[in-house]
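K.L.:
Going line by line, the protein sequences match chains U and L.
Per numbering that gives the first Met the number 0, residue 0 is the first one in the first sequence, and the count goes up by one each step.
Per numbering that gives the first Met the number 0, residue 0 is the first one in the second sequence, and the count goes up by one each step.
Some hints could be false.
The calculated DSSO-like cross-link candidates involving lysine-lysine, where the alpha carbons are at most 30 Å apart (straight line), are [stated by the list, open to error]:
1. L/134 to U/230
2. U/9 to L/14
3. L/134 to U/22
4. U/347 to L/245
5. U/9 to L/150
These are calculated hints, taken from the structure and not from any lab test.
Chain residues, written in single-letter form:
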Amino acid sequence: MFCREAGDFKTSYEQDNQTFPIKFDRYRYYAVLVAAFAVVPFFINDYWVNAVFLPFLIYSIAAIGLNILVGYCGQVSLGTGGFMAVGAYASYKLMTAFPEVSIFFHVILAGGVTSIVCVLFGLPSLRIKGFYLAVATLAAQFFLVWLFNRVGWFYNYSASGQITAPERSVFGVAITGAANPPWSAYLFCLVFTVAAAIIARNLTRGTVGRKWMAIRDMDIAAEIIGVNPLKAKLTAFAVSGFFVGISGALFFAVYLGAVEVGEAFGINKSFLVLFMVIIGGLGSIFGSFAGAAFLVLLPVLLKNTLVGGLGWPTDLAAHLEFIIVGALIIIFLIAEPHGLAQLWRVAKEKLRLWPFPH
Amino acid sequence: MLDASEGYTTEDGRKIGGVVMEMKNITLRFGGVVAIKDISFDIRQGEIRAIIGPNGAGKSSMLNVISGFYHPQEGEVWYQGTRRPPMKPYQVAQQGIARTFQNIALFEGMTVLDNVMTGRMRQMKAGLFAQAIWKGRAEREEVANREVVEKVIDFLEIQHIRKTPVGRLPYGLKKRVELARALAAEPSILLLDEPMAGMNVEEKEDMSRFILDVNDEFGTTIALIEHDMGVVMDLSDRVVVMDYGKKIGDGTPDEVRNNQDVIDAYLGVAHD
Chain U
0 MFCREAGDFK TSYEQDNQTF PIKFDRYRYY AVLVAAFAVV PFFINDYWVN AVFLPFLIYS
60 IAAIGLNILV GYCGQVSLGT GGFMAVGAYA SYKLMTAFPE VSIFFHVILA GGVTSIVCVL
120 FGLPSLRIKG FYLAVATLAA QFFLVWLFNR VGWFYNYSAS GQITAPERSV FGVAITGAAN
180 PPWSAYLFCL VFTVAAAIIA RNLTRGTVGR KWMAIRDMDI AAEIIGVNPL KAKLTAFAVS
240 GFFVGISGAL FFAVYLGAVE VGEAFGINKS FLVLFMVIIG GLGSIFGSFA GAAFLVLLPV
300 LLKNTLVGGL GWPTDLAAHL EFIIVGALII IFLIAEPHGL AQLWRVAKEK LRLWPFPH
Chain L
0 MLDASEGYTT EDGRKIGGVV MEMKNITLRF GGVVAIKDIS FDIRQGEIRA IIGPNGAGKS
60 SMLNVISGFY HPQEGEVWYQ GTRRPPMKPY QVAQQGIART FQNIALFEGM TVLDNVMTGR
120 MRQMKAGLFA QAIWKGRAER EEVANREVVE KVIDFLEIQH IRKTPVGRLP YGLKKRVELA
180 RALAAEPSIL LLDEPMAGMN VEEKEDMSRF ILDVNDEFGT TIALIEHDMG VVMDLSDRVV
240 VMDYGKKIGD GTPDEVRNNQ DVIDAYLGVA HD
């Protein structure tokens, strides 16, 4: 179990380039996939879908998107909430304007629209770096939320100023709206999450990923080696925007159903996704999942143990939850500044040799 | 002016070809400071060309002009028979000029293998969508370039640290990885900025051997800056000597060694 690599030899570079080079890991990955697609849907109910699975899957996509920008390309962004809003509003406009087209394509197109917007707001990154870029993307956050609040065209001039997802289905099964079965929304999001993870992994292990990481680690050296900084940074913004847009569209259409932009996609959302990326691990796809799981599941877990298990009053538990989650974030970051992904790597390295010290 | 087609034969019998790169009357100023003053020299196919000089002579500035990092106010850079318009450093790299840095400029967060693979950027052309799908074009390209990179890794004897993050390596190995990254690009000119700075004798010997082997096996044209006189005189075929931004000598190591201006620049002159 601990010496999983033993006897696992590679005879070609294709094999060496696999996502899971170790046989044990590979089978575990297939097992997780099979379980997620074929087992979980039969056992979940409304509570599990809405409290655990949907937020986890959707935030994972957002975290992967932001991780590409911040973790791989080194461009700090605080505009994630705004870009998720672009995805949400783009999908809303598309769903209402072309009701006969499948929602599947609406979500993907919403990602494309966000990608373009993200590139536009990424243009300053060619001149400014670090904290200053973060401030520039913060401007995007406030501007976009303001835009969706003020311009009636975006919310089809509805009286409340909210956008509400119309009922849509895929293969005859309702995905959005009130009447959808819990497993359909779950499967719909799962498809996008798995695809996002695979695409992100493919991009980051190839030339594009190396260009991004070169820019992150030392942009001047990267340029002298032949990386076009303009192209590398803007592709990172584009790919990141695509994923963040998809997550925004799913967050609105499948998870919430109705959205008020300032509430759902405010600056809090930007920070939440950024924390997921930092806690999970910058520059790691697994870290994006770990971070999303940590920040989505931990509050649920705490609430269930404190209220359900120990029988505490709800308000006390809610306050304590903030304290515990905050403290855990700090403890984790002190113990391992490179996030859960690094913690996992170190643990694996230690276990390989265990119980011997060397 | 030298004829581009004309070559010469070195003492050890290697044939040196025509002019690959020619600097014509380069002048580079930073405000009022003249870093390089009216310097001309050429680099020929297959030779090891050294640029030496005391501290602040403008050697690194010269290298930065070649790699497109600085743009000279006056003068022309001719590369492979055509005049090179002012271009960005990444465009210069895409033309086949690779370099290493005086202070190592590796990507610390990436493994040795990934660092060396970045050197192949010029040869890897799969688009974003092909890479997102991975199977097919992107994977074929990755494997084909990996084979070249593995040869370089093999050549520079860094197989054992292939998957180690560069941040964990000692100084001497980092220098070697940087050379590997530049070599992986299969450059037509390889620029080395003080490849032996801060090394002990064994490491210098290793590095010298690699430089000679690279030149010998791949026929790579090399331009290098170095402070260690012994190394420079042993390695290089021709030497440019700079002092205070001016060229004070140019020729074979023996010619340069006996040049009175060069001796004065290095040992100082008595003021009477």
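K.L.:
Going through the earlier hints one by one, which of them does the structure break, listed in rising order?
P.N.:
2 and 4
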